[in-house]
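Could you put together the complete structure from these sequences and hints?
Number of protein chains: 2
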Amino acid sequence: MCSNCDYTIHGRHFHYGWDNTFEPAQRVAPGSTVFFECHDSSGGQLSAKSTAADIAALDFGKINPVTGPIHVEGAEPGDALKVTIEGFEPSGFGWTANIPGFGLLAEDFKDPALTLWSYDPATLAPSAFGAHGRVPLKPFAGTIGVAPAEPGHHSVVPPRRVGGNLDIRDLSAGTVLYLPVEVAGALFSVGDTHAAQGDGEVCGTAIESPMNVTLKLDLVKDARLRMPRFSTAGPVTRHLDAKGYEVTTGVGPDLMAGARHAVADMVELLAGRYNLNPVDAYMLVSTCGDLRISEIVDMPNWVVSFYFPRIVFE
Amino acid sequence: MCSNCDYTIHGRHFHYGWDNTFEPAQRVAPGSTVFFECHDSSGGQLSAKSTAADIAALDFGKINPVTGPIHVEGAEPGDALKVTIEGFEPSGFGWTANIPGFGLLAEDFKDPALTLWSYDPATLAPSAFGAHGRVPLKPFAGTIGVAPAEPGHHSVVPPRRVGGNLDIRDLSAGTVLYLPVEVAGALFSVGDTHAAQGDGEVCGTAIESPMNVTLKLDLVKDARLRMPRFSTAGPVTRHLDAKGYEVTTGVGPDLMAGARHAVADMVELLAGRYNLNPVDAYMLVSTCGDLRISEIVDMPNWVVSFYFPRIVFE
Chain A
52 MCSNCDYTIH GRHFHYGWDN TFEPAQRVAP GSTVFFECHD SSGGQLSAKS
102 TAADIAALDF GKINPVTGPI HVEGAEPGDA LKVTIEGFEP SGFGWTANIP
152 GFGLLAEDFK DPALTLWSYD PATLAPSAFG AHGRVPLKPF AGTIGVAPAE
202 PGHHSVVPPR RVGGNLDIRD LSAGTVLYLP VEVAGALFSV GDTHAAQGDG
252 EVCGTAIESP MNVTLKLDLV KDARLRMPRF STAGPVTRHL DAKGYEVTTG
302 VGPDLMAGAR HAVADMVELL AGRYNLNPVD AYMLVSTCGD LRISEIVDMP
352 NWVVSFYFPR IVFE
Chain B
52 MCSNCDYTIH GRHFHYGWDN TFEPAQRVAP GSTVFFECHD SSGGQLSAKS
102 TAADIAALDF GKINPVTGPI HVEGAEPGDA LKVTIEGFEP SGFGWTANIP
152 GFGLLAEDFK DPALTLWSYD PATLAPSAFG AHGRVPLKPF AGTIGVAPAE
202 PGHHSVVPPR RVGGNLDIRD LSAGTVLYLP VEVAGALFSV GDTHAAQGDG
252 EVCGTAIESP MNVTLKLDLV KDARLRMPRF STAGPVTRHL DAKGYEVTTG
302 VGPDLMAGAR HAVADMVELL AGRYNLNPVD AYMLVSTCGD LRISEIVDMP
352 NWVVSFYFPR IVFE
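As you go down the protein sequences, you meet chains A and B in turn. Take 52 as the starting number for the first sequence in this note's numbering and just add one per residue. Take 52 as the starting number for the second sequence in this note's numbering and just add one per residue.
Honestly, the hints are just simulated from the structure, not real lab data. Virtual Cβ for every residue (Gly too), placed ideally from N, Cα, C. Hints are not guaranteed to be accurate.
To be verified - Listed next, with one range per pair, are the computed distances between beta-carbon atoms:
{"id": "1", "chain 1": "B", "residue 1": "Gly181", "chain 2": "A", "residue 2": "Ala284", "range": "23 to 31 Å"}
{"id": "2", "chain 1": "B", "residue 1": "Ala284", "chain 2": "A", "residue 2": "Lys100", "range": "40 to 48 Å"}
{"id": "3", "chain 1": "B", "residue 1": "Arg185", "chain 2": "A", "residue 2": "Pro304", "range": "29 to 37 Å"}
{"id": "4", "chain 1": "A", "residue 1": "Ala108", "chain 2": "B", "residue 2": "Glu127", "range": "46 to 54 Å"}
{"id": "5", "chain 1": "B", "residue 1": "Ala179", "chain 2": "A", "residue 2": "Glu365", "range": "20 to 28 Å"}
{"id": "6", "chain 1": "B", "residue 1": "Glu124", "chain 2": "A", "residue 2": "Ala107", "range": "52 to 60 Å"}
{"id": "7", "chain 1": "A", "residue 1": "Pro304", "chain 2": "B", "residue 2": "Glu127", "range": "23 to 31 Å"}
Claimed, not checked - In silico lysine-lysine, DSS-like type, Cα no more than 25 Å apart, as pairs:
{"id": "8", "chain 1": "B", "residue 1": "Lys267", "chain 2": "A", "residue 2": "Lys294"}
{"id": "9", "chain 1": "B", "residue 1": "Lys294", "chain 2": "A", "residue 2": "Lys294"}
{"id": "10", "chain 1": "B", "residue 1": "Lys294", "chain 2": "A", "residue 2": "Lys267"}
{"id": "11", "chain 1": "B", "residue 1": "Lys133", "chain 2": "A", "residue 2": "Lys294"}
What the hints assert, rightly or not - Now the stretches of chain B that chain A is said to cover, found in silico as 3 or more residues with beta-carbon under 8 Å:
{"id": "12", "segment": "337-344"}
{"id": "13", "segment": "354-365"}
This is the structure we're talking about:
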């Protein structure tokens with residue numbers, strides 16, 4: 052709950068995918084603070100009793116329900132929706148899955164797999180991974196966006212110019228996000244909450260976790276943004292960086308291939324060093340490893356680096 | 052100078068490009084500590100009196116001389132060369148250039164441009180940019196590598212599996228780098244020292260700065276690395292992150308295009324906000340802005356984000 056919010060949007064006001072003809076769940080004035088009950092990306096199909104068999108049985112027609120849409124009075128195409136991310140009310144349950152056909156190393160990891168997480172929603176202390184790992188948490192909403200102008204129904208999976216399934220780890224409490232508005236009222240929705248994720252979300256899922264979210268929605272008239280942008284309130288990796296990083300690289304003429312090389316080498320390194328099943332190492336690094344582009348100018352070869360925070364095991 | 056080094060490799064022992072027939076400047080036992088006098092990437096063609104006209108006149112046959120090579124006794128193909136980066140002795144002078152035809156936004160910035168930097172090599176206090184900016188410094192060697200097995204002479208510009216022009220910002224003091232050895236003796240060289248760089252090195256140059264480097268060279272026998280990897284001693288962005296970041300994004304099916312979008316939007320944002328010439332903003336962000344891959348799995352669109360540290364202007 053949120054004592055100083057103007058509105059609560061209950062979890063029953065969800066939709067699948069994006070469509071600018073969806074009826075608003077609420078109309079609000081610019082400057083309103085709104086409390087959203089958000090579903091996890093399985094839409095409740097997975098629980099603390101789930102197994103890898105439940106990954107194989109997922110109904111993909113029901114993934115990633117988002118809560119909304121909110122019609123912001125006066126929003127017009129060309130404006131930016133200014134979303135101040137005020138806070139999260141996490142649930143304490145989470146899951147990470149390898150979903151066949153999805154993820155950066157889908158060719159290497161073809162079988163469904165599941166990691167379950169339990170964490171203290173009050174302290175957000177690092178969540179245990181196996182006997183020796185602990186993954187630092189930083190909640191955020193994986194899917195946050197407004198309706199596209201293009202008519203029809205659009206899949207929730209790809210992010211777009213108007214946001215959506217951005218999966219940007221630093222859209223956490225204190226960050227201010229600006230989204231390009233394409234339709235009258237903006238039609239804002241949010242969901243797919245994550246307790247932790249590394250840059251890249253390399254296995255395709257984060258620590259997926261149902262959570263409530265408090266946001267302030269405001270307008271910047273005629274901002275003419277090309278793409279989403281955001282401002283963080285402070286540092287973004289201090290929950291991860293205290294012990295330094297192990298880093299693998301991919302060097303070559305294709306950034307995607309470089310990212311695959313770097314992640315595959317890290318999975319091999321961690322699986323060997325900590326005696327992990329490779330698919331478990333793959334799911335782990337998706338929750339806390341960061342993909343960075345070290346150089347993108349030394350023709351014809353670029354360097355993509357994958358940073359694993361040693362604090363997880365130290 | 053280095054009072055506890057085993058060898059000093061003077062700056063006259065440099066070479067252009069890579070060739071495994073180059074005569075070693077020194078043969079050393081594994082575990083040796085070596086002090087290298089390194090040139091900047093212009094090989095001394097630029098100085099504190101240079102102008103953009105000197106960028107147009109650069110002799111590209113003489114760029115990026117590296118100091119070496121060092122033959123490490125007992126190194127064989129399949130081993131890893133373990134390079135412990137002990138420290139830097141910076142010069143206090145630096146430059147950043149937009150070189151026509153080179154850099155992520157080469158199509159947008161076709162004219163030569165030059166930024167000159169002066170910094171205190173003892174304190175490494177942030178270096179002034181214009182009237183209001185200050186760029187935090189963290190020295191590293193942009194080019195660090197061993198000779199490739201492939202016969203012949205190879206350009207210094209692209210990095211390779213054996214390292215070279217990696218331009219990885221976090222190869223700074225305290226980091227341990229592992230390089231795949233492809234020829235007997237490894238034939239290690241280093242140069243292209245930078246006082247500061249953002250991940251991506253987006254304009255094509257960093258704060259290019261002549262500097263001396265102390266490294267310990269050791270072997271890991273039969274390591275069978277596929278690509279370079281490294282371990283950092285601690286956090287990697289705390290010199291940048293205290294005030295948070297402004298972040299622009301590029302959303303779409305191509306990582307390279309996404310990176311270009313994100314960087315172009317940041318250049319426009321900073322040029323507008325701080326009344327900068329766009330090419331000056333472009334050179335600035337190359338020294339301190341970080342390219343990250345926020346998600347690489349939400350088919351068919353990926354998100355590349357460009358992080359500009361607000362501490363530069365706050």
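Hint check:
Between glycine 181 of chain B and alanine 284 of chain A the beta carbons are some 26 Å apart, a value that agrees with the proposed interval 23 to 31 Å. At about 43 Å, the beta-carbon gap between alanine 284 of chain B and lysine 100 of chain A stays in the expected band of 40 to 48 Å. Taken as a hint, the range 29 to 37 Å holds for the pair arginine 185 of chain B and proline 304 of chain A, whose Cβ atoms sit roughly 36 Å apart. Taken as a hint, the range 46 to 54 Å holds for the pair alanine 108 of chain A and glutamate 127 of chain B, whose Cβ atoms sit roughly 51 Å apart.
Between alanine 179 of chain B and glutamate 365 of chain A the beta carbons are some 38 Å apart, a value that contradicts the proposed interval 20 to 28 Å. For glutamate 124 of chain B and alanine 107 of chain A, the Cβ-Cβ distance of about 55 Å falls inside the hinted range of 52 to 60 Å, so the restraint holds. In this structure, proline 304 of chain A and glutamate 127 of chain B meet the distance hint of 23 to 31 Å, their C-beta atoms being roughly 28 Å apart. Restraint check: the Cα-Cα separation between lysine 267 of chain B and lysine 294 of chain A comes to about 22 Å, which is no more than 25 Å; the hinted pair holds.
Between lysine 294 of chain B and lysine 294 of chain A the alpha-carbon distance is near 21 Å, which keeps this suggested pair within the 25 Å criterion. Proposed proximity of lysine 294 of chain B and lysine 267 of chain A is supported: the alpha carbons are some 22 Å apart, at most 25 Å. Restraint check for lysine 133 of chain B and lysine 294 of chain A: satisfied, since their Cα atoms lie roughly 20 Å apart, inside the 25 Å limit. Here the segment 337-344 of chain B counts 4 residues with a CB under 8 Å from a CB of chain A, which clears the bar of 3, and the coverage holds.
For a cut-off of 8 Å, the count of residues in the segment 354-365 of chain B with a CB near a CB of chain A stands at 5, and the three-residue condition holds.
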